[in-house]
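K.L.:
One line per chain: the protein sequences are H and P, in this order. Residue numbers are given in my numbering: position 108 of the first sequence equals residue 108, and the series is strictly consecutive. For any residue, its number in my numbering is found by taking its place in the second sequence, counting from 1, and adding 278.
The set of hints was computed from the structure by calculation and includes no laboratory data. Ideal placement from N, C-alpha and C gives every residue a C-beta, glycine not left out. Watch out, some of these pointers could steer you wrong.
[Stated by the list, open to error] List of simulated lysine to aspartate or glutamate pairs, EDC-like, C-alpha gap at most 16 Å:
#1 H:K74 with P:E355
#2 H:K74 with P:D584
#3 P:K629 with P:E355
#4 H:K80 with P:D577
#5 H:K162 with P:E355
[To be verified] The calculated label-pair distances, taken between Cβ atoms and stated as ranges, are:
#6 H:K74 with P:L551: 20 to 30 Å
#7 P:D676 with H:H87: 45 to 55 Å
#8 H:E219 with P:N472: 51 to 61 Å
#9 H:T121 with P:D668: 54 to 64 Å
#10 P:Y340 with H:N170: 42 to 52 Å
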Amino acid sequence: MSTRIDTRFAELKKQGRAAFVTYVMAGDPDPATSLEVVKALSKSGADVIELGIPFTDPMADGPSIQAAGLRALKNGMTLKKTLDLVHGFRKDDNFTPLVLMGYYNPIYIYGVDKFLADAKTAGVDGLIIVDLPPEEDDELCIPALKAGLNFIRLATPTTDDKRLPAVLANTSGFVYYVSIAGITGAAAADANAVGQAVARIKRHTKLPICVGFGIRTPEAARAIAEKADGSVVGTALVDALKNSLDAEGRATAKTVNAVAELTAALAQGVRAAKQAAE
Amino acid sequence: MNVAKPNSYRSGPDERGHFGIFGGRFVAETLMPLILDLEKAYTAAKADPAFQAEMNGYLKNYVGRPSPLYFAERLTEHLGGAKIYLKREELNHTGSHKVNNVLGQIMLARRMGKKRIIAETGAGQHGVATATLCARFGLECIVYMGAVDVERQQPNVIRMEMLGATVVPVQSGTRTLKDAMNEALRDWVTNVHNTFYCIGTVAGPHPYPTLVRDFQSIIGNETKVQMQEVEGRLPDSLVACIGGGSNAMGLFHPFLDDSTVEIFGVEAAGHGLTQLHAASIAGGRPGVLHGNRTYLLMDADGQIQDAHSISAGLDYPGIGPEHSWLHEIGRVNYLSATDDEALAAFQLLSKLEGIIPALEPAHAIAKVMELAPKRPKDHLMVVNLSGRGDKDVPQVGDILKGKTK
Chain H
1 MSTRIDTRFA ELKKQGRAAF VTYVMAGDPD PATSLEVVKA LSKSGADVIE
51 LGIPFTDPMA DGPSIQAAGL RALKNGMTLK KTLDLVHGFR KDDNFTPLVL
101 MGYYNPIYIY GVDKFLADAK TAGVDGLIIV DLPPEEDDEL CIPALKAGLN
151 FIRLATPTTD DKRLPAVLAN TSGFVYYVSI AGITGAAAAD ANAVGQAVAR
201 IKRHTKLPIC VGFGIRTPEA ARAIAEKADG SVVGTALVDA LKNSLDAEGR
251 ATAKTVNAVA ELTAALAQGV RAAKQAAE
Chain P
279 MNVAKPNSYR SGPDERGHFG IFGGRFVAET LMPLILDLEK AYTAAKADPA
329 FQAEMNGYLK NYVGRPSPLY FAERLTEHLG GAKIYLKREE LNHTGSHKVN
379 NVLGQIMLAR RMGKKRIIAE TGAGQHGVAT ATLCARFGLE CIVYMGAVDV
429 ERQQPNVIRM EMLGATVVPV QSGTRTLKDA MNEALRDWVT NVHNTFYCIG
479 TVAGPHPYPT LVRDFQSIIG NETKVQMQEV EGRLPDSLVA CIGGGSNAMG
529 LFHPFLDDST VEIFGVEAAG HGLTQLHAAS IAGGRPGVLH GNRTYLLMDA
579 DGQIQDAHSI SAGLDYPGIG PEHSWLHEIG RVNYLSATDD EALAAFQLLS
629 KLEGIIPALE PAHAIAKVME LAPKRPKDHL MVVNLSGRGD KDVPQVGDIL
679 KGKTK
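With the hints as constraints, model all of the structure from the sequences given.
P.N.:
What follows is the structure in structure tokens.
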């Protein structure tokens, strides 16, 4: 069973370059603008799209992504509408892998089986659920794998060699290495430390390893792309979107472009990376 | 509810931290190794007689335990029914039951070599207890407190600062206890190597609900012995207020298998259950937040809703997972009291017994006012007076002035 994620990483491997993974919040600042933003991501060079599911209490996120979620919720975003957004995106683009990222409660309340069926139909390829460690695999990870969705696990600086096999056991698609102990949008990742961590994880898995948290600029995205199979940028894109809004937090004529321009610059950074030694 | 009755109500949780479907370990990967370490450290400490002996020494001479079981004669006469006893947790050092748990966790933190302690607080009682023990043992202390709560519980903010703690007002979300807990988790995820998260209630990821319950069970264990001494038998009923539910769990747990004992938990009904309130069991359903599955207040999309209570300590949209299980299995009856009922009880206890309760246990007293008159004079009812009302005097004073104008 191969998903768009598997296909995309196989292509990139042939091209000999790392993936550029982007994150934005679904429904930020409103559902219609958000769909245009997501379309702009893939057109501006994103290889993989992570779409945040808005949640009132995002315990692992910094102020930027917290605020983005609250903007979306204020304008009526729900998990159902997030799936509608994916469906809308898939009308134009049937190739770019799309991963939903968020917290478990909205999915639990939607109903796990119904959610997985609807997500698959809408065109979702994978899930990253921050508050579901391997200890809770029965909740969503195992059912998602059965439904044909990738379950992408976070590995962190606190995940030692003893624990890595458990973390990797049911992971598929790619591994998301969290470059720092901390929340999104906080400290900057150190490329050398990341390189060592990626090498360590590679000893345990053949899956591609993408690195996120603390990557904000084309230079940083390039530096990480030289050490890993992908660079993930989230907070910087969410900030670019926010800075384009009017005083009431509504989208303006500049909003989609603001995200597209930064995406293009970051994508160029990633593409300039020298291929990491295998 | 069609749930099979277990052989014992006291055997939970299972090895994965589940009480029935409740509990669990719903945390980010970064924190997972830390809570596994904590579980290991706690299991070792529990088996170490030296740990227990050291803790008993501090409980006696620093906290001032055992706390008295006091016969509330005038309240009993006034209500004209059950014989009412108050478990005087408000007489503990720092003014509430919170210190029982904090002492245990700080001693664990010391065993684990952690020098930086973080905590969340609602009313400030857990924050004050944490700041106190950090001062006593020379540890750095950071307390996260919703900005709304900083405003309405000023006396406790001042106390924490005097004790050397840093109080961080939390501006995110609804700026109350749940947001303080989010912010504490964000701190923990960032400072994993030197930080111990001292959770104040029987909630959060496993093993916290168990560990906090165990440290608070001294309340129920003492009550059992004291009641035997004065009345020669078990009490007939127990009543305690519930936010997260640590004072209630501490009183209830030792009695769960005594089938003759009726048990009542009292949630905060705020303006009333059809309006803004904080009663997770009465008005919520099972969901996942802050590391555990439990009853939560939320909307149809699974977004967490604002709780409301006059009492900052009960102003939380969830409840400990073991309470959710005890509710589903039918062992504990969960009731609720409104802001107005709690205010009336606050005044009644002050005037009849010369004891100013905190607004939190005033909710329990409010239900005693309903339950006691319906019971015979030989019925023994124990109420957990979990905290003293000094911290609430300015707030209640303002409210009463507004009302009597």
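K.L.:
If a hint holds in the structure, say so; if it doesn't, say that too.
P.N.:
Structure-based check of each hint:
1. Of the pairs offered as hints, the one joining K74 (chain H) and E355 (chain P) is violated, with about 53 Å between alpha carbons and a cut-off of 16 Å exceeded.
2. A C-alpha spacing of about 14 Å is found between K74 (chain H) and D584 (chain P), which places the hinted pair at or below 16 Å, so the restraint holds.
3. Between K629 (chain P) and E355 (chain P) the CA atoms are separated by roughly 13 Å; this keeps the pair inside 16 Å, and the hint holds.
4. Between K80 (chain H) and D577 (chain P) the alpha-carbon distance is near 14 Å, which keeps this suggested pair within the 16 Å criterion.
5. With a C-alpha separation of about 64 Å, the suggested pairing of K162 (chain H) with E355 (chain P) is violated against the 16 Å cut-off.
6. In this structure the hint that K74 (chain H) and L551 (chain P) lie 20 to 30 Å apart at CB holds, the actual value being about 26 Å.
7. Remark: the range hint 45 to 55 Å for D676 (chain P) to H87 (chain H) is upheld by a beta-carbon distance near 53 Å.
8. The given range of 51 to 61 Å is broken by E219 (chain H) and N472 (chain P), whose C-beta atoms sit roughly 31 Å from each other.
9. Taking 54 to 64 Å as the suggested C-beta distance range, the pair T121 (chain H) and D668 (chain P) conforms, at roughly 59 Å.
10. Separation of Y340 (chain P) from N170 (chain H) is about 48 Å and conforms to the stated range, judged on CB atoms against 42 to 52 Å.
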